[in-house]
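Protein chains: 2
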Amino acid sequence: MKTHTLLMPLDMHLHLRDGVMLENVAPLSAYSYSGAIIMPNLVPPVATREDLLAYRERIMAAVPNDYFEPYMTLFYKNYDKAFLESIVDEITAIKLYPAGITTNSEGGVSSFDIEEMRTTLETMSSLGIPLCVHGETDGFVMDREAEFMSIYELLAQNFPDLKIIMEHITTKEAVAMLDKYPNLYATITVHHLLLTLDDVIGGLMRPHLFCKPIAKRPEDLDALLSVALEAHPKVMFGSDSAPHPQHKKESCGCAAGIFTAPISLQLLTEIFDQFDKLDNLQAFVSDNAQNIYGICPEFKEVILEKRPFLVPENYSGVVPMFAGEKIGWAIESVD
Amino acid sequence: MKTHTLLMPLDMHLHLRDGVMLENVAPLSAYSYSGAIIMPNLVPPVATREDLLAYRERIMAAVPNDYFEPYMTLFYKNYDKAFLESIVDEITAIKLYPAGITTNSEGGVSSFDIEEMRTTLETMSSLGIPLCVHGETDGFVMDREAEFMSIYELLAQNFPDLKIIMEHITTKEAVAMLDKYPNLYATITVHHLLLTLDDVIGGLMRPHLFCKPIAKRPEDLDALLSVALEAHPKVMFGSDSAPHPQHKKESCGCAAGIFTAPISLQLLTEIFDQFDKLDNLQAFVSDNAQNIYGICPEFKEVILEKRPFLVPENYSGVVPMFAGEKIGWAIESVD
Numbered sequence: 001m002k003t004h005t006l007l008m009p010l011d012m013h014l015h016l017r018d019g020v021m022l023e024n025v026a027p028l029s030a031y032s033y034s035g036a037i038i039m040p041n042l043v044p045p046v047a048t049r050e051d052l053l054a055y056r057e058r059i060m061a062a063v064p065n066d067y068f069e070p071y072m073t074l075f076y077k078n079y080d081k082a083f084l085e086s087i088v089d090e091i092t093a094i095k096l097y098p099a100g101i102t103t104n105s106e107g108g109v110s111s112f113d114i115e116e117m118r119t120t121l122e123t124m125s126s127l128g129i130p131l132c133v134h135g136e137t138d139g140f141v142m143d144r145e146a147e148f149m150s151i152y153e154l155l156a157q158n159f160p161d162l163k164i165i166m167e168h169i170t171t172k173e174a175v176a177m178l179d180k181y182p183n184l185y186a187t188i189t190v191h192h193l194l195l196t197l198d199d200v201i202g203g204l205m206r207p208h209l210f211c212k213p214i215a216k217r218p219e220d221l222d223a224l225l226s227v228a229l230e231a232h233p234k235v236m237f238g239s240d241s242a243p244h245p246q247h248k249k250e251s252c253g254c255a256a257g258i259f260t261a262p263i264s265l266q267l268l269t270e271i272f273d274q275f276d277k278l279d280n281l282q283a284f285v286s287d288n289a290q291n292i293y294g295i296c297p298e299f300k301e302v303i304l305e306k307r308p309f310l311v312p313e314n315y316s317g318v319v320p321m322f323a324g325e326k327i328g329w330a331i332e333s334v335d
Numbered sequence: 001m002k003t004h005t006l007l008m009p010l011d012m013h014l015h016l017r018d019g020v021m022l023e024n025v026a027p028l029s030a031y032s033y034s035g036a037i038i039m040p041n042l043v044p045p046v047a048t049r050e051d052l053l054a055y056r057e058r059i060m061a062a063v064p065n066d067y068f069e070p071y072m073t074l075f076y077k078n079y080d081k082a083f084l085e086s087i088v089d090e091i092t093a094i095k096l097y098p099a100g101i102t103t104n105s106e107g108g109v110s111s112f113d114i115e116e117m118r119t120t121l122e123t124m125s126s127l128g129i130p131l132c133v134h135g136e137t138d139g140f141v142m143d144r145e146a147e148f149m150s151i152y153e154l155l156a157q158n159f160p161d162l163k164i165i166m167e168h169i170t171t172k173e174a175v176a177m178l179d180k181y182p183n184l185y186a187t188i189t190v191h192h193l194l195l196t197l198d199d200v201i202g203g204l205m206r207p208h209l210f211c212k213p214i215a216k217r218p219e220d221l222d223a224l225l226s227v228a229l230e231a232h233p234k235v236m237f238g239s240d241s242a243p244h245p246q247h248k249k250e251s252c253g254c255a256a257g258i259f260t261a262p263i264s265l266q267l268l269t270e271i272f273d274q275f276d277k278l279d280n281l282q283a284f285v286s287d288n289a290q291n292i293y294g295i296c297p298e299f300k301e302v303i304l305e306k307r308p309f310l311v312p313e314n315y316s317g318v319v320p321m322f323a324g325e326k327i328g329w330a331i332e333s334v335d
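Sequence order for the protein chains is X and B. Residue numbering for the first sequence follows UniProt numbering, beginning at 1 and increasing consecutively. Residue numbering for the second sequence follows UniProt numbering, beginning at 1 and increasing consecutively.
Please note that a few of the clues may not be correct.
Any copy, or any two copies together, can satisfy a pair, since identical chains are not distinguished.
Pairs of lysine to aspartate or glutamate, EDC-like flavour, derived with a Cα cap of 20 Å [claimed, not checked]: (1) Lys326 <-> Asp273; (2) Lys277 <-> Glu305; (3) Lys2 <-> Asp138.
Note that these hints are calculated values from the structure, not bench results.
Use the sequences and the hints to build the structure in full.
Here you go:
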């Protein structure tokens, strides 16, 4: 049987939530990944040293062993230099949300006034703290990411030493930015390597495929695949796995987010195998992230096997992508 | 209190379904409309004289009085001349669905071979039977209607005496067709005068605003409003009200269709009032259709009143648009 081995897989964009949900979903990521960038959009958002350390402790308590590193992030606000210097060793990045743009982002940035942000962003530059950005405007849903490119350009030009990660990119416009500015990087989810808007609303409407940013057009999917499959050195895997309880997905108003944590590595292997690019998966799912972030995850070896895997209907009440369907690869062992 | 009177309102595109659903929804349309074009996409589709007459009888049995005229349609197939001559007095139009494009359309047209369709369409021309068309290709969901324009052009050019109704148009491209071909007409729904894709998936995902064709871009909404509010003489109101049981809307795979029958006239009045175009509503909601189809509905006078109306959470298990929300106009009386 065909197998493929991955070393120290990393999920560079992960929502673990809190409380019972955290306890339910954290072990699923910890099983197959060496570490993950942990998003700070709790209620209230993670924005103090106390909250950050306490959240990290709750995460560590929820994972069954010590082979999983939660790379912690702060919720972006304008922070002063003293605070950033005091917390630099506890965080891996700071995550910026435009206000109200996605789940629990109400306290985000409401205007991109560079001068107001300068102290924070220059301090981050000098301390080597990357800025992760949810790059969407509040415009028409299919245009939001493309419209945000001018803000990425503004940030990239004004803070040339700041590493800026364009999170969960979904458009050819974002892909084109990678080669335009040396300090722009990107994460790509597994679902955005599989879906277009057609899958979400082209047949029946699929709430479990609804996420922000929404999956875009076929030419956007092609652009994402092109850089992911080649493991473009500025591109990393970040699942944006975003669990919601089933009743918040299948209702009058379905929350945005696709839950892929327990199947993302298998799906990535299937995609890269289908395109005969398995040799590039290690870079996409770990090496590029290590280089970009300068992190050294603990050893973990995941062996995947090419055999049908029936995705469970739910994990503790959270419906995953492809629930009840068969995917082409399974995890054989983790060491 | 401000009132507005409408005479013989007509809904030129209506799904009444069958069985218990028919019994539940038909009275709601019959209350406020003088008549409606009844879509034939039952399972199996309405394609024989027997089925048509039996369906008409079931509709008449479901409405509480004789003030409602169901203008019957056949499901488009290639019919021979003798059959069309035999049924012309029983039908108002024939409805063409591309195969598989929407609810219960599996038996529709799978290729637009003009020569194969010629006998049917020329006979319809000579008998004065309009062709109603669900104009979408099987392409990317946001492009399907615009891509279908070339088929409308093919039909309009080859059958210049055939009245072709572009049903439930949603794009500026379809609006532009109205002035390009004398034999192209259109219906517009009330929800497509209110929604863009932003309302469907821009915030939370809204299954009760999910329909086919999907609501498009802001510039498309503007184009639709421009011809509706002016009551362009080739444009008619057709609700495309499409009831589904609640569990088929709020689930893993939500069926397409928005249920507006009981509130469409109120919403139209609110829209035309907001744009200060109430004087044009009579033409949009009745007179244009009478002229285009050459029909003479029985007298009905509906008086609407400008006061808040709380839309019920559901009508016999069918969730309407704006369920539980207040709209700005209510029906005061029907005579």
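Tested hints:
When the C-alpha separation of lysine 326 and aspartate 273 is checked against a cutoff of 20 Å, the pair qualifies only within one copy, where the shortest distance is 16 Å, while the shortest distance between copies is 53 Å. In this assembly of identical chains, lysine 277 and glutamate 305 lie within 20 Å of each other by CA distance solely inside one copy; the values are 16 Å within and 65 Å between copies. For the homomeric pair lysine 2 and aspartate 138, neither the shortest alpha-carbon distance inside one copy (46 Å) nor that between copies (36 Å) is at most 20 Å.
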